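Chain order of the listed sequences is A and B. The first sequence: position 100 = 100 (this note's numbering), numbered continuously. Take the position in the second sequence, starting the count at 1, then add 1000; the result is the number in this note's numbering.
Fair warning: there could be bad hints in the mix.
With a straight-line cut-off of 25 Å between C-alpha atoms, the simulated DMTMM-like cross-links for lysine to aspartate or glutamate are [said to hold, decoys possible]:
1) A:K42 <-> B:E1075
2) A:K58 <-> B:E1082
3) A:K42 <-> A:D84
4) A:K15 <-> A:D31
5) A:K57 <-> A:D84
6) A:K57 <-> A:E26
7) A:K42 <-> A:E59
8) A:K71 <-> B:E1098
9) A:K15 <-> A:E56
10) A:K42 <-> B:E1082
11) A:K5 <-> A:E59
12) B:K1057 <-> A:D31
13) A:K57 <-> B:E1082
14) A:K57 <-> A:D79
15) A:K57 <-> B:D1085
16) A:K15 <-> A:D53
17) B:K1057 <-> A:E26
18) A:K5 <-> A:E26
19) B:K1013 <-> B:E1098
20) A:K5 <-> B:E1075
21) A:K15 <-> A:E26
22) A:K5 <-> A:E56
23) B:K1057 <-> B:E1098
24) A:K68 <-> A:E26
25) A:K68 <-> B:D1085
26) A:K57 <-> B:E1075
Chain B regions said to be covered by chain A (calculated; three or more residues, Cβ under 8 Å) [claimed, not checked]:
27) 1067–1076
28) 1102–1111
Just a sample of chain A residues kept apart from chain B, beta carbon distances all over 10 Å, derived [claimed, not checked]:
29) N27
30) D31
31) Q38
32) P52
33) H76
34) D79
35) Q81
36) V91
37) T93
These are calculated hints, taken from the structure and not from any lab test. Here the structure is a predicted model, which means the values were calculated and not measured. Glycine is no exception: its CB is placed at the ideal position from the N, C-alpha and C atoms.
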Amino acid sequence: QQQVKQSPQSLIVQKGGISIINCAYENTAFDYFPWYQQFPGKGPALLIAIRPDVSEKKEGRFTISFNKSAKQFSLHIMDSQPGDSATYFCVPTGNQFYFGTGTSLTVIP
Amino acid sequence: KAGVTQTPRYLIKTRGQQVTLSCSPISGHRSVSWYQQTPGQGLQFLFEYFSETQRNKGNFPGRFSGRQFSNSRSEMNVSTLELGDSALYLCASSAVGETQYFGPGTRLLVL
C-alpha cells in the first residue's frame, strides 16, 4: 500500500510564477507534515512544516496548505526564483514517517 | 548543537567487498534513519533505528544491515557490494515524530 503520493514528479515554472506541489497520504495517525528541500549533492533540509491544528502556514514566500479531511497537504512557492530550483519532498510523520517520491522544480529565469 | 555527522564522506570500493558507514546523530536524538539516493531511483528509505532497535525497514536486500549503539550512533553495513550500490547514503536523526535532520552523506562508488 502506497502511504504517500506526491505530485507532480517534475515542474518547470517561470521566474516570478507560483509553484505548487501536492502530497496525499493514507495514514490518519500522521501528526506532523513537513516539506524538505534538497539541492544537488546535499542532504534534504527542512523547509517548512505544519501541525494538523491549523489549515495554513506561511513563511516568507513558502506556504503550506493542509486539508485534514482530504488527507492532503500542499506546498506553494510564491514569486518563484531560480534559487528555488531543487527537489522537494513531503514527509508526513507520526510514529513512522514516509518520504514522498520527490518533485524536481526548475525555475526558468 | 552539532549537526549530524557522517564518515567517511567519500568511499571507493570494488565489487564483492563490504563497507561500513557511520553516523553520529544530533545530541539527544534517539531515532536514526538511513537512506540511499541515486539518480535513477531517487531517495529510498533503508531502515530506522530507535533505542538500539530497528523500528522500520525499507525494501532492500539482506546485504544491507545496520545497528545502533547505546549512545545513538549508528552504523550501516553493505556486504558483497554490487555496482548498483553506488549511491549517496544519507543518515538523518530526529526526536520521535519531529523534524529529521540530515547529514552531508557518504558518497560510495563501487568499481
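Please check whether the beta-carbon of T93 (chain A) is more than 10 Å away from every beta-carbon in chain B.
Its Cβ does come within 10 Å of chain B, the nearest being 6 Å, so this is violated.
Keeping to a limit of 25 Å between CA atoms, is the pair of K5 (chain A) and E1075 (chain B) held or broken?
Judged against 25 Å, a Cα distance of about 30 Å means the pair is violated.
Holds or violated: K1057 (chain B) with E26 (chain A), Cα cutoff 25 Å?
Status holds; Cα separation ~18 Å.
Given the proposed pairing of K15 (chain A) with D31 (chain A), does the C-alpha separation stay at or below 25 Å?
violated (33 Å)
Mind checking the alpha carbons of K15 (chain A) and E26 (chain A) for me, to see if they're no more than 25 Å apart?
Answer violated: K15 (chain A) to E26 (chain A) is near 34 Å, above 25 Å.
Going straight from one Cα to the other, do K71 (chain A) and E1098 (chain B) come out at no more than 25 Å?
Holds, at about 19 Å.
Given as non-interface: Q81 (chain A), which should sit over 10 Å from chain B by C-beta:
Its Cβ never comes within 10 Å of chain B, the nearest being 23 Å, so this holds.
Test the statement that N27 (chain A) is away from the interface with chain B: the closest C-beta pair must be farther apart than 10 Å.
The claim stands: N27 (chain A) keeps its Cβ more than 10 Å from every Cβ of chain B (closest is about 13 Å).
Do the alpha carbons of K57 (chain A) and D1085 (chain B) lie within 25 Å of each other, as the hint requires?
violated (39 Å)
With a cut-off of 25 Å on the C-alpha distance, tell me whether K68 (chain A) and D1085 (chain B) pass.
This hinted pair is violated, its Cα atoms lying about 38 Å apart.
Taken at face value, is the distance from the CA of E26 (chain A) to the CA of K57 (chain A) at most 25 Å?
holds (22 Å)
What's the verdict on K42 (chain A) and E1082 (chain B), does the C-alpha distance respect the 25 Å limit or exceed it?
holds (24 Å)
Taken one by one, the earlier hints fail for this structure at numbers 2, 4, 13, 15, 16, 19, 20, 21, 25, 26, 27, 30, 31, 36 and 37, listed in ascending order.
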